[in-house]
Amino acid sequence: MKARILACSTVIALAALTGCSSSQSAINRSLGQAEATRILTTDNKLDINIKSSANSKLENARALKEDGKIEEAQALAEQSELEMRLAIAKSENEAAKNDDKKLEEALRADEERKVLYQSILDKEIRK
Amino acid sequence: MKTIKILTLGTFALATSMVFAAENAISPVDQCRIALENAKSSLPSNAFSAKLTLAEGYGTLTALETIYADDDDSKVIPTLVENCAKYAEIAKVQGETQTLRNRIAENWEKRAATNRTIEAIQEQIGTARSGKVSDLEAEKQEIKAQKDKLEASKQEAMDKLNALQSQMIQVTKDARGIILSMSDILFEVGQATLKTDLMTSLAKIAGILSVYQQFDVSIEGNTDNTGSEEFNLKLSQQRAENVMNFLVEQGIAQNRLSAKGLGMTMPIADNSTKEGRQKNRRVDLVITDRTQKVQ
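As you go down the protein sequences, you meet chains Y and G in turn. First residue of the first sequence? That's 5 in the numbering used here, and the numbers climb one at a time after it. First residue of the second sequence? That's 3 in the numbering used here, and the numbers climb one at a time after it.
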């Protein structure tokens, strides 16, 4: 019986340790990813408010980790990263809007040129 | 008693409304799922980044479901719901960006097609213009060739008429054309009758005129200021007409000829001297080029 209890206790302890180790790994991964995204976004002209909020959330996530609140820390680290990704997505969207606008104008100018040349051709043919 | 009733009814109503509110409240899991589904519905088929983002969002949804099932009061739930909403928002923005990029690609194709059309039109304009240019060039060359031919013909005639130059026939050229001035020595004195020498010269002129059909001849009789004006006018007219008739006899079409007597009205020299009067007594054959009049 003692042997059984010992065996069970060992299994439970190992499971707890493994679980703890896997949580640590996950939070470290999330914090690392959020930090890497933060570094990536420093070069870009992104929304300063979003960046500031994301940085503060990353710091809070680190603090939560220190307090042993791993799940909360991980969720907050993920949120920090997501805010920066959102800022990047919005920035790309703005760039695409500008490209689209410029191209629309160029296309309109081309269409006008086409009409002009067509009218020249019509005149030449009528002469 | 009344107060107790009111309180009882109020408590019942509050409890009922709380029950209904709890039943109608959307669970965090559903909030997350709805946000992701909404974002998914607006994505273009080639929005792969957005789809990957959504896949991560669905991962969060799974985590949320597990945590919510274990403990629906977990502190991490609100953050996970927010994260879920962020995934949905990012996916939506990425989807919009892809839609814009798709339109940009379409517009580049449209531009390329429009520019190809413009090039084709420009080529057609070039062809239309070069065709006209070559037509015009050919026309110009033809005109020039005709002009050169006429000029050569005129020069040839001029050379032949110049050969008639003698003491009695002066050949000159002015704006009207070639002028052959025949001295009155070639006429009988005071008469309009042609002398043999004049007839010989006129026959040669008729020969030239028959070859160079572009020439018309205006025959102008002139006198000096001696004698009456009426006599001089009549004499000059008669002499001009006699010259014209002779040319007609030589086969020159009458419609190429005209004759008029100018009397003493058109002197070319001083009538006060013998030499001047001599010069003024003359018949001028003004030979004009009909083709030049047309041009």
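Among the hints, erroneous ones may be present.
As the list claims (entries may be wrong) - Listed below are the simulated EDC-like cross-link pairs for lysine to aspartate or glutamate, each with C-alpha atoms no more than 16 Å apart in a straight line:
hint, chain 1, residue 1, chain 2, residue 2
1, G, 134, Y, 126
2, G, 77, Y, 126
3, G, 77, Y, 75
4, G, 112, Y, 108
5, Y, 101, G, 218
6, G, 112, Y, 109
7, G, 156, G, 108
8, Y, 105, G, 218
9, Y, 106, G, 111
Because the hints were derived from the structure by calculation, they are not lab data.
Hint-by-hint comparison with the structure:
1. G:134 / Y:126: The given pair, whose Cα atoms are some 14 Å apart, holds under the 16 Å limit.
2. G:77 / Y:126: Violated, at roughly 75 Å.
3. G:77 / Y:75: With a Cα-Cα distance of about 9 Å, the restraint between residue 77 of chain G and residue 75 of chain Y holds, given a limit of 16 Å.
4. G:112 / Y:108: The given pair, whose Cα atoms are some 10 Å apart, holds under the 16 Å limit.
5. Y:101 / G:218: Violated: residue 101 of chain Y and residue 218 of chain G sit about 82 Å apart, past 16 Å.
6. G:112 / Y:109: holds (12 Å)
7. G:156 / G:108: This hinted pair is violated, its Cα atoms lying about 71 Å apart.
8. Y:105 / G:218: violated (76 Å)
9. Y:106 / G:111: holds (15 Å)
When each numbered hint is compared with the structure, violations occur for hints 2, 5, 7, 8.
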